Structure formats: structure tokens, C-alpha cells
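Residue numbers (this note's numbering), protein chains in the order written: chain W, 1 to 290; chain A, 291 to 580; chain G, 581 to 870; chain C, 871 to 1160.
Be a bit skeptical, because a hint or two may be false.
Stated by the list, open to error - The calculated DSSO-like cross-link candidates involving lysine-lysine, where the alpha carbons are at most 30 Å apart (straight line), are:
1) C:1023 x G:864
2) C:1075 x A:387
3) W:205 x A:387
4) C:1023 x C:1075
5) G:677 x W:87
6) A:443 x A:377
7) C:1058 x C:967
8) C:1075 x G:785
9) W:284 x A:495
10) G:864 x W:97
11) C:1154 x G:785
Since the hints were made in silico from the structure, they are not lab data.
Quick caveat, the model's predicted, so the values are computed rather than measured.
Protein chains: 4
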Amino acid sequence: MNTTSEYIIRLACANRPGIVAAVATALFEGGFNILDSQQFDDTVSDRFFVRIHFEQTRADADIDINALMAPVAARFDMQYSVHDCRKLRRVLLMVSKFDHCLADLLYRWRTGELAMEVVGIVSNHPRDTYAQLNLGDIPFHHLPVDKAAPNGKAEQEARVWDIVQSSGAELVVLARYMQILSDDLSAKLSGRCINIHHSFLPGFKGARPYHQAYERGVKLIGATAHYVTADLDEGPIIEQDVERISHRDTPEQLVRRGRDIERRVLASAVRYHLEGRVLLNGHKTVVFPE
Amino acid sequence: MNTTSEYIIRLACANRPGIVAAVATALFEGGFNILDSQQFDDTVSDRFFVRIHFEQTRADADIDINALMAPVAARFDMQYSVHDCRKLRRVLLMVSKFDHCLADLLYRWRTGELAMEVVGIVSNHPRDTYAQLNLGDIPFHHLPVDKAAPNGKAEQEARVWDIVQSSGAELVVLARYMQILSDDLSAKLSGRCINIHHSFLPGFKGARPYHQAYERGVKLIGATAHYVTADLDEGPIIEQDVERISHRDTPEQLVRRGRDIERRVLASAVRYHLEGRVLLNGHKTVVFPE
Amino acid sequence: MNTTSEYIIRLACANRPGIVAAVATALFEGGFNILDSQQFDDTVSDRFFVRIHFEQTRADADIDINALMAPVAARFDMQYSVHDCRKLRRVLLMVSKFDHCLADLLYRWRTGELAMEVVGIVSNHPRDTYAQLNLGDIPFHHLPVDKAAPNGKAEQEARVWDIVQSSGAELVVLARYMQILSDDLSAKLSGRCINIHHSFLPGFKGARPYHQAYERGVKLIGATAHYVTADLDEGPIIEQDVERISHRDTPEQLVRRGRDIERRVLASAVRYHLEGRVLLNGHKTVVFPE
Amino acid sequence: MNTTSEYIIRLACANRPGIVAAVATALFEGGFNILDSQQFDDTVSDRFFVRIHFEQTRADADIDINALMAPVAARFDMQYSVHDCRKLRRVLLMVSKFDHCLADLLYRWRTGELAMEVVGIVSNHPRDTYAQLNLGDIPFHHLPVDKAAPNGKAEQEARVWDIVQSSGAELVVLARYMQILSDDLSAKLSGRCINIHHSFLPGFKGARPYHQAYERGVKLIGATAHYVTADLDEGPIIEQDVERISHRDTPEQLVRRGRDIERRVLASAVRYHLEGRVLLNGHKTVVFPE
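One chain only, chain W, in its complex shape (with noise of 0.2 Å):
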């Protein structure tokens, strides 16, 4: 948690002349210095992205700052959010059988290098699959789907939503959640839900992609991680990376190398959401580095 007074504020408008001028301009007069600032002009869309860094340099002011970017804002049609970078982002973790990014989130959030908090853990699978790991008091859900009822998808789907709801989440990581999220939840964690696909998409799309890999004979293999959307594997991209094989790799093997990849691009992934580095542009993702 940050002790000092920083926020970020994210913005999206159309191009035109002034915009930073006029941001920059605001936040000076309301008191505040920019650590750092970073945009992008998406010249094919005419979209103008930018992210500012900055703290309050006066220790007695209580600045309301949507009040200072309101006239900005109204004269550029910009979309904007602003946030305290005191407030830990809430966050719920969803996994299956393999744990393998499980663990690594829970390593980079006790270390300080993920600034959230774990507000729950939901898995299809009961606590004892997790017996190695230490999973402290966080919440744990054991929400298995009955695939025997009718409704059993759509019951156990209406469970993880009041837990997001009930626990303020406001991002879901599927941490190598093997269950498909219907379109109708899909919709409603928009742009805050992030998957980890086991591919490097658009290659390998649907299920056992390292089997596929293996098939296709490829020489390097990856992983992607990326918001969830009703399409499938299709959802924009937050990062990716790969290693290279060899013909001497089993399917096997591909899963273990994959193990590496995965937990590393989605660990990735998420600090630059709770960062704030990672704007939405259309069905792609703008990334602001660090």
C-alpha cells in the first residue's frame, strides 16, 4: 500500500490538438506533479490514450480531482477514470486442478510485487486439492459444476457472481480455470477478467493446445493472457511469450515448459491491470510499459 498521495488517471478521446496541454495544465493548477505520463495516438482508429502518474504536492489540500477534470473532460468527450493508488485493487482467483499460476500469483502478492487484495479464491475442485500450498484465511469457494443438472452451468455461475459481488471484486483472474464462462458472464466481467490460454493465439485455439502443438510440429511454444469475452479465445490480448523446443519434446514436456510460460505472462498480466497500464481499444489492448 502506498503512503503518499499518488493517483493515476487513464483517458481515452478522440485526437485533436490541446488534449495534453489541457490535462497537464489542470492537474498543475490543482496542485499535483506528474511522475510520469505516457499516451498513445492510435492514428488507424483516431483514438488518443493517455495515462498519467502523479501525486499531490500539497500535504494540506484535499483536492476533489473529478471536480478539476470535469471541464476537461466535457471539452475533449473524453472517457476517464481516476485512481488512488492507496486503495488496494480487490481480487478473486478462479482455478481448476493445476495450481501452477495459483501459486505464483500468491508468491508475487506475499512478496508486494502484486498490490491487491485476494478477496476469495473459487475453485471447482475442493481445498485439499491445494494442500501444498499455503492458502492462509483467504476465502475459499469449492463450487463444483453439476453437469448432471440441468441448470447445473448456470446455478453454480449465479454462485460465482454473488461472491463477486459480495466480496467488491473488482477483478476476476482465471487462473487455469478450465471451465467456460457463458456468455452471460462473460458480459458482465467485461474488460475485468483475465484468462490465461495455454497458446500462443491466435495459434491452438480450444482445448489441449500443447497436444495440438506437438502435432503441428512447431518450434517454439507460448502462452497468452487476455480479458475474457463471450467469443472464445478471442478476447483482447494483455501479453504473451514463448520458449523454444525442440522435436525432442514429449506433449509432456510442452505442459511443463508450458507451466513456466503461463504463470510468468499471467503474473505479468495482472500487474499491468493493477497497474493501470492496460486500456482497451476496440477488441485490442493498449499497454503502457513500465
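Assemble the complex: chain W is given as a structure, and chains A, G and C must be docked to it using the hints.
Relative to the frame of chain W, chains A, G and C by itself:
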């Protein structure tokens, strides 16, 4: 050109005990010394692949390697081929408008990095397209495809095939040759025609892959060198590589970045082929490392 | 633990014709099947290195592999060792305050990725330093160095050596253990003690390498796993890797990024060692790939 | 050559609130539109760096940008420079026997990837060393160093300096120029002379770095592009990259692999410099990404 008597033998057969012992013993008894030996046991297909680089140790001898190997090959029902390293492989280069791969292959050939004899360059564009390059006295064949003629493509390919045969080309390299080979010509060149595709296959098959990559918003782009088959962009992959991109990259910048990836991936694949490192394993490849 | 009778033999000798034939024939005649064989002919030192992974094919037999190999070894003046894959290697982990490498090794051990038996953890910090980790029932030894005592370091190392001997540890892993081993202990553990150094050696030897990297303004940082020798940071390198950084990275961010590199480099080096892939070649290593 | 009126301003000053607002407002009021703006606040040195790419929006106007910026620069005690993108920077290339970097830079220049005017090539070898390359009508200067003469090196450097001045070279690129510049010439070319060193600095300074790398047994080799300073191999680093090698690589193979790394690292560094992306920050660089 190598002046010592060095050879490369490549063989494939069903796996069973004793293969390595039999081949190594035959070579030893024939007066040869093994410089490098690599093998791969594909436990899925149960095929066994070997590449041995060896040298003659008795200067006066003139051993018939095929006679030496015949009984071993018969015993294990092996397919095998022997290459005399003193003989440069004959290579035909095919190119269209973009000449970065051609320029790179010619440079590496002149520095001795690619041990080959360039027996010709075929292009569907005229020679002065490459005025900036030093083509030396390599035979240049301008073979445009007459799209208006009913058999334009077939006639052009017949001329290509004539050149392959008359030049004795053992390998054809499609160095950004932007015409799709017919099934017939693909079949004739099976296992000895390498293409560079400007995407990380199997993602973004077909035309304009960098524009597809831009639209999808991937975070890495790549290139793939593969043997040409009748099934477009589905041939056995020899080499792939990728580079990181960002939301700032326009399609034009992806094209520019891609040139670097394409040229190094194609050059590696050609070198691996020339050095006998690539063995076909169904629709995949075994690539023994340098 | 492997349930079939598989073995790994590693051998080194001066290069001369017939080695591969002799070894392969001995194994074949003993009723063994070669699963994988890799060799390296160091043309500079004229040393020849072989690693063969093989299995017993006669279920009833109980062949003495050493008896089988003895005449071959004598003939070629070979050094060799045979490892029975059913026997897990015994490993002692040593750690200081930073536990990211320890956490990662334990995770990989529990998932079966690292085939070893963890016989103990030695730390110069007390056990509750690692309260967040699940150490299970692995013996934990808190061995602080008493810097005030005249022989503090020697006494602590004597206790470490006692633990190595009493636990039967075949490998000692310095998983960010921040004490320098004495020449004496380094010599005793020669070839079986792996350290992770948090720089891309030979750059930035010694203390605080990330701060050194920051000061120098390099554009990539890395980590190096090497065997410990009396010559600090000069031991034979087993594995290295790097990541791209930028001018925006503070020393603290380099430390954070470095944790990812360190843990994957160390885990790879330990796996290579456990699988008998690493052979010493003077002050360098031969690492036969997976 | 860019036909629209685009400019790049780069500035550095001590950090304090209001800089971005002041610069952006000045540009807006002068009728300019910001296309891209990047900044870096070095919290260690407390220096603030900005690069702004902007365009003129009033076609009829002929604004004096320096007059526009002068009051802002005075107020914040800024150092700044403005570059008109329509003007190609004048570049002098220096080379010795190995021409892979020269060949690559010329190729990228001809394809338009490097927006520069090549005003000359200086070599200590005669022109026919490069007979395989198309040097076109670029002035070629054969300036061997007469080692027998007491002032041979000084005289040669005097001629180099004459060429720099008479050609109006703004940047000098040492494209594997294997002579060490004197302190005097290094000082004269401070901040505008880029060298490619064939190692991943700070490892393997000095001569024959690939042989040093081979001796040390590293698992990756690299190259470093840096500004030349009087302190050999210690200048501010602009770009670095590495590739994985193995125990199988001889020094000769490292040299071959290294050529690929060298040429792409140098080309990137030159492009970053030409595009005004590199700002000096003490003995380090800020490199604003593409």
C-alpha cells in the same frame, strides 16, 4: 568447400536395440572416425533417426560407404543417405519484389556461412528490380506469370521445373517468392523446397499476415520456414522465431520488423538443410542442433 | 521415481576412433536398449564426452553394468559413472533471507518436475523467516554465522559439512544463500554444489549486481547458475538467461525482475544436474540438451 | 524524407511541477499538434527528460519554434534541441575488414528503414575489400594507419576529422572499425559517434571477445552498441542483445553467430539515434521506445 574427406550419413528406421552399435561398428571397421553423432527416438511413432558426421582416417583408402552400410541397412530396414561434405549442394533461389531475404542469403553465401552453389535466381519481376544488389554472374531468370493466358501459371511452372532440372538444383528456396506453387510442382519438389512464411504459423495463414497480426493485437510477431507441400502453409516446419511488438507498431512497422525475423529464420533453415540437420518425420521435422 | 530399469551412463576420455562402437556394442550385448545418446567431441581439448540413457530389455536379468563397462573403460582410458534412474538424488538446499528460489524449487519438486529427495534446508536465518512457505517435514537447520567469534564461519561450515555427510547429500544447491563458502568447503563440494549468481556473468561479479547493472546502464539483466569453486563467481557455468530492461527500471525493479530470471535459471541448472546432463570440461561445462 | 512539417523536440531539466503543462501549452498555442510524447523522470538524479514528436497544423504559418520554446526553456532552465524531420541527418560510416555491419546498414538505408544521408565511408582497408558490396557513389576514403610513422595514428585521425567537418557529418558510425579512437577524437565526436562492440558489455571488454566468451564457457553471447568515449568500452550503452549458444560452438561459430547480433544491435542503435530517441543521462542513456 571442405578439403578433408568428411561425410554425413542420415538414417531412419523403426526403433529396436542394436542400431547405434551396428552403425558405429560398421563405420569403425571401415576406417572412419565419428566426429559427431546425434539420434532421436520418437517414442510416439517408434521411429529412430540418426545423423552421423564422420571422417576418413586412412588417407590411402577409397572405401565405398554404401557397400559398407548396405548390410546394416538391410538388417534394420533403414532408409539412409550419405553426403560427401566436399560437394556443395546446388541451390536455386526464387524471389518476388521484396529482396531482403535474397540479399541476406547472397551475403551469407559470399561470406562462406552457407556452403552451397547458387545455380540460379528465378523471379516474376525483371532483373533491374534488384539493381541495388550485386547478383554477380548468377544466372537470372525472369519468369512472370501471365495471368491473362489460360495456362499462364502452368507454363511458368513448366519453365521453373526445366530450370530446376537443367541446373541440377537439389534445393529450391522461396525467398519471399509471392506465387503459390501448384500441387504438381509442390509434389515434384517435395522435401527440397523451403519457403519463408511471414507469420508465426499456425497463426495468420494466408495473405497479409502482418496486417492480420495488427488486427488481432498480438504482442509478438514471427516468421516460419517450412518445406513446401500441396497444403498451403501446412508444410513441415523447420525453424521459427518471434520478436516482441507493442500497440505502437503500425502494420508498416510490423512489416519492417518482420524483415529481420524472416531473413534470419530463412537463413537458419537453409543452413540446417544444407548441413543435413533436417530429417522429415511425417509432417514434422527432426532438426539436429549445431 | 522411475519404475522401469533405466540408467544413465556418462563418460569422458581422449578422442579416438571406435569409442561409440565399443560402448554401444557392450550395452547391446548386455541386453540394454539405448533410448538416447548424446556425445561431444571437443576438438580444442581433444576430449570426448558421452551421455547415454538406456533401459534393460531382459526383465529377468540382473546385469552388472560396471562389469560390462570395465573392459571398454580400460581400453579407452575412460572416466565414467552410471546412475540408476530409480534412485532419487539426495539434495540439500541452502538459503538466506530471499526465498524466491527456495519456494520455486520446492514447488517444482512437489509437482515432480525435479526428481530429487530434499534431505534438508540450511539457512543462516531462523525457520519463521519462511513462515509463508510450506516446508513440510523437511529437516530445517538454522545455522547462523557468528561473526563475533574468531572461528564463527569455520564452525558454521563444519556443521554444514556434518549435515552434508549425515544426510548423504549428493548435491548442495545455494538457492540465494548469501554467505561465501570457504575454499575448503568449496573444494569438498567440488562438482556437486550449484550457486545462482544474480548477474549475467562475467559481468557484475561480487555484491549488489543489480545495482551495478543499474549504474552501468545495461539494457538486459541476467542470472547465472554455476558450480561453486574456490574462485568466487568463476565456477563452471551451467545455465544463464537474461531479460530486457529499460531506463525506467530502478534498482528495486531490477531486483524484482531478476527474481524471475534467477528462479528459472537455477531450476534449469538443478534439473540438468539431476538428469546427468552436465559434464565438467575443465572450467567449462558440457550440457547435453533435453 | 518526410514531406509534412513534423518536428522532434528533446529536452532535459531538473524535475519540478508544471513542465509538461508549459511545453504542451506552448506547442498548442503555436499551432502544433502533439503526435507522440514520452517522458522520463529519473528519481535518482532528479533529471527530467522529454521527447515530443509534433506537427504543424496551420499550413500557412511559419512559426519559429525556438522563439516559442525560449521562454519555457528559460523558466525551467532546460536544455533542448529541435529537429525538423524533413532534414535527413548526415552520417559517416567507418569500417575495417569485416563488412557485415556495413552491408546491413547500406541495405537498410536503401530500403528507407534508416532515414539518413550517407556522406561517406572511411576504411583503413582499400575499396576493393568491399568489391562484393554495392557502394554506389558514396565517397570512399581509404585511410590506413601508418604504424611505422611516429604520428601515423594522429595524422590519420586528422584526416578523419577533416572528412567529418567537410562532409557535415552529424553522426559517425563505427561499423566494426577496428581502430581505437584517440581520446582527442573521441572527445570531438562526443555524443555523436556510435560503436558496436562484439560482446555483451561489461563482460569481455577489449580484444577478441568471442574467444574470451568461448574460454569462459558462457551460455549466451551478445553485442553492445554504445557512444564512444575516451574510456574504451565504457561509453553510454544504447542497445544490447544476446543469443543462446552451447558447448558445441567453437570460437569460429561464435564469430558467425555474433555477426547476426552485431548487425541488428548496431542498426537499432543507429535508428534510435536518427529518430532522436536517445538522450544522454550522465554515462547512461534514456532510449524512448518506438
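For each hint, the structure was consulted:
| no. | hint | verdict |
| --- | --- | --- |
| 1 | C:1023 x G:864 | violated, 40 Å |
| 2 | C:1075 x A:387 | violated, 42 Å |
| 3 | W:205 x A:387 | violated, 34 Å |
| 4 | C:1023 x C:1075 | holds, 22 Å |
| 5 | G:677 x W:87 | holds, 29 Å |
| 6 | A:443 x A:377 | violated, 34 Å |
| 7 | C:1058 x C:967 | holds, 25 Å |
| 8 | C:1075 x G:785 | holds, 14 Å |
| 9 | W:284 x A:495 | holds, 20 Å |
| 10 | G:864 x W:97 | violated, 41 Å |
| 11 | C:1154 x G:785 | holds, 20 Å |
In summary, the structure is inconsistent with hints 1, 2, 3, 6, 10 from the numbered list given earlier, while agreeing with the others.
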